[in-house]
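*Asks:* For reference, the chains in residue letters:
4 protein chains.
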Amino acid sequence: MKEIEIRELKRVKLNAPVMIEGLPGVGNVGKLVVEHMIEELHAEKIIEIYSWHFPPQVFVKDDGTVRLCRNEIYAWSSPKLDLLILTGDQQSITNEGHYILTEKYLDIAEKFGVSRIFTLGGYGIGHLVEEQRVIGAANTPELVEEMRRFGVEFMEEEPGGSIVGASGLLLGLGKMRGIPAVCLLGVTSGYLVDPKSAQAVLRVLCKILGLEMDMHALEERAKEMERVVERLKKMEQAQAPMRAGEELEYIR
Amino acid sequence: MKEIEIRELKRVKLNAPVMIEGLPGVGNVGKLVVEHMIEELHAEKIIEIYSWHFPPQVFVKDDGTVRLCRNEIYAWSSPKLDLLILTGDQQSITNEGHYILTEKYLDIAEKFGVSRIFTLGGYGIGHLVEEQRVIGAANTPELVEEMRRFGVEFMEEEPGGSIVGASGLLLGLGKMRGIPAVCLLGVTSGYLVDPKSAQAVLRVLCKILGLEMDMHALEERAKEMERVVERLKKMEQAQAPMRAGEELEYIR
Amino acid sequence: MKEIEIRELKRVKLNAPVMIEGLPGVGNVGKLVVEHMIEELHAEKIIEIYSWHFPPQVFVKDDGTVRLCRNEIYAWSSPKLDLLILTGDQQSITNEGHYILTEKYLDIAEKFGVSRIFTLGGYGIGHLVEEQRVIGAANTPELVEEMRRFGVEFMEEEPGGSIVGASGLLLGLGKMRGIPAVCLLGVTSGYLVDPKSAQAVLRVLCKILGLEMDMHALEERAKEMERVVERLKKMEQAQAPMRAGEELEYIR
Amino acid sequence: MKEIEIRELKRVKLNAPVMIEGLPGVGNVGKLVVEHMIEELHAEKIIEIYSWHFPPQVFVKDDGTVRLCRNEIYAWSSPKLDLLILTGDQQSITNEGHYILTEKYLDIAEKFGVSRIFTLGGYGIGHLVEEQRVIGAANTPELVEEMRRFGVEFMEEEPGGSIVGASGLLLGLGKMRGIPAVCLLGVTSGYLVDPKSAQAVLRVLCKILGLEMDMHALEERAKEMERVVERLKKMEQAQAPMRAGEELEYIR
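Sequence lines, in order, name chains A, B, C and D. Counting in our numbering, the first sequence runs from 1 upward without gaps. Counting in our numbering, the second sequence runs from 1 upward without gaps. Counting in our numbering, the third sequence runs from 1 upward without gaps. Counting in our numbering, the fourth sequence runs from 1 upward without gaps.
Accuracy of the hints is not assured; some may be wrong.
Chain copies aren't distinguished; within one or between two, either way the pair holds.
Unchecked claim - Listed next, the in silico SDA-like pairs over lysine to any residue satisfying Cα-Cα at most 25 Å (straight line):
| # | residue 1 | residue 2 |
| --- | --- | --- |
| 1 | K80 | M213 |
| 2 | K2 | E103 |
| 3 | K111 | H42 |
| 4 | K2 | S162 |
| 5 | K61 | M155 |
| 6 | K61 | E103 |
| 7 | K45 | M215 |
| 8 | K10 | E110 |
| 9 | K234 | M155 |
| 10 | K2 | R70 |
Calculated directly from the structure, the hints in this document are not laboratory data.
When you get a sec, could you build the whole thing from the sequences and use the hints?
*Replies:* Structural data, given as structure tokens:
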């Protein structure tokens, strides 16, 4: 395995697809959205991405087998719209890795002739959210205007903000290549996995893309994931003392 | 010395050997098992591995001489079974080093025509262990089934688990090369070096490999190591204030 | 994008220009000074510098569009004096990046035939400043003498001091190339953005360069920035809990 | 400047010199010893070593000029004994840098045909030292025996010890090249710069090398340095709040 290893699982042809990124982040909002889309659309995994910049770990699956930490790209095709969906276990854990991996994602985007990129995430406000809102950023003024028409908010009065990780770099580095890109952030507390915020983001995204999608499954998934999180949090508390010291930890 | 330096001490021929990894980790379980095996089987050291990815330190031996921090590979041959045993002082302390070193271990494994890899470690549960158990993960479903027959537990109901470091990566990166690999984790509190858990892992491993091995020496070693740990812990407490600040520390 | 990417926006010819560096640092003193100069002189941006050594983030502008974290070089020309002004969002966040980026800045300085470099920053004293002072360091004894004549203080009685980051390395690495360079540090508390200290530094710098400049705009800017800082600090407090844990943070 | 830059200031010929390393570390013992030797012997600086692996900073000298963070090698020649003395501002602050820099030191050692290396440091025990002692480690058993005759202690009953940084790696990596090397550690509390411990180490080293040296200057220097340390500590306390946050710090 090299610094980055691209495993092409299947060759597909797509027609100027839209790329949608949903990697782990605040409230896990972006990942929840794209996982729901992959399931509902029966999107097909076509690429796996492995890298030294991901944590040195494997995940144990339900059947007892393992797989390396990785990112994945799914494809979906329809007469009106083609999609490339990017998700995964983790973002880079090195500084340069964020840049290097995002460039690889853009190489793939260009190879498929991507027409536009949407990056999805959460925008933590530090307290409970009363009204679901989606705020945005884009790499061209035209996209800002277009997004506004779909109810995406842009907060002009708050300068100095930044977007960290792949969701931000895909816009910044995408701009260098002339690929239009938008970031949609669901407002969330930032404390917990937030499927409600994910639903708000998905609703806006579907409107923009002209897609219809059953939200019910996401609600179910949301409830299920909340239970998992609760269980993980209990496990984590129990294992916390073990993590002290400088030994490697095996967390199953 | 380069990024990784392989010192071949002796050329040996092995017949489709089984590779067993036991590097430092939770409860030091994996390392305790392989150290016992090396001693009992009189396995012979054939390779030393040095790397920038190990901590920049030397260890002082009983005779006052030093040696660099390193990993080691031992060989053992018998009419029925050949072994390659991987152990060492430390795992990588850089992120990419985990990947790079594991690939080197697999290069060596392939050179010897390894038939199968067992990685050994501890699985910390954060409280005292009442009943000795060995849980597992593997990189093929067939191996999961085979291991189950030897009493290894696979915890289907607990998703989201991961194995960090060489014990995990040897399975994940080994799968990419088509090398079957199993991870055996002794359940342990995670607070202390745990030779009891090591015995449980060794017992299962011997059953799988069809090896007979005196456990008595491990029990003795366990007691002895517990005394060492106690002494080290006292020394560490005494030296703790010295470690504050940004100076390098000399710990003897 | 490579490890460092230099974007030349405009080709200009300058006559043995003076380079002035003001990157983020203690009290933001250096950056405040050069931002004021760029505005007052209507200096023109000629170069953008992108790098893996900057944080992996984009900044959201008032119009909702984003731009990558970067450093920038501005040019200004007059019959008596030409300037190259270096500023930016961040300094390197890796150790080697500080060295690598500073060498790039010096490559650019040499290409333009820079006659002299001034690096600007704050010198934090840990308590409120009663009297505005500017202390200095230089990479030749002649420059020390010259600066003294302009009221820059050199603190001979305090050995062991150091200057960290680009403001220091431009002097040290500049010396290797034979480029005369001075560091001017405005004494500041170190707790807050300090436009008053920036004014003191700018006043000395203008005297040295024989430049006349309206300070009024800096005063206004100072007040405005203080309000921004207050608002940011409140936002930061509100978002602080979200930042715990190991997830990526989206801070707008 | 490259990853490592060797500046040869003067070409000298030495006769199988002994190399003595004294870089910053516990109690600053090693550096105090070699600084005293350089002064007393009027050793001449012949090499400067710069590297990305050192902190990105310059030091301000008494005359207001700066110099880059670096390591230095001094030469001293006499009819009976030639010396190469390695000292400097800092050790590497990256993991791989420790290995890479130590290899460079050994390249230089080999070029001069070094007969033997002594690395000097402190051995922190976490409480006040009542009786000055020097403990050792070496990279051959013969050297251990030889050192014992000069009163150096080797603590056989304390296994598991290690020596971190250049003082350790010069022994470990030196062994790979067949260069005999000894580490002498002055027992010290580990809390403060310890010129008393430095005197103990110097006394043993002089006995081994057959050198006579006035200790009085070291005593004076010790007192002087203790005053400096006190002053630095007060400055540090005053500046501590400034260091919070993620901005670069300018510490003069």
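*Asks:* Of the hints stated earlier, which fail here?
*Replies:* When the structure is compared with the hints, none of them turns out to be violated.
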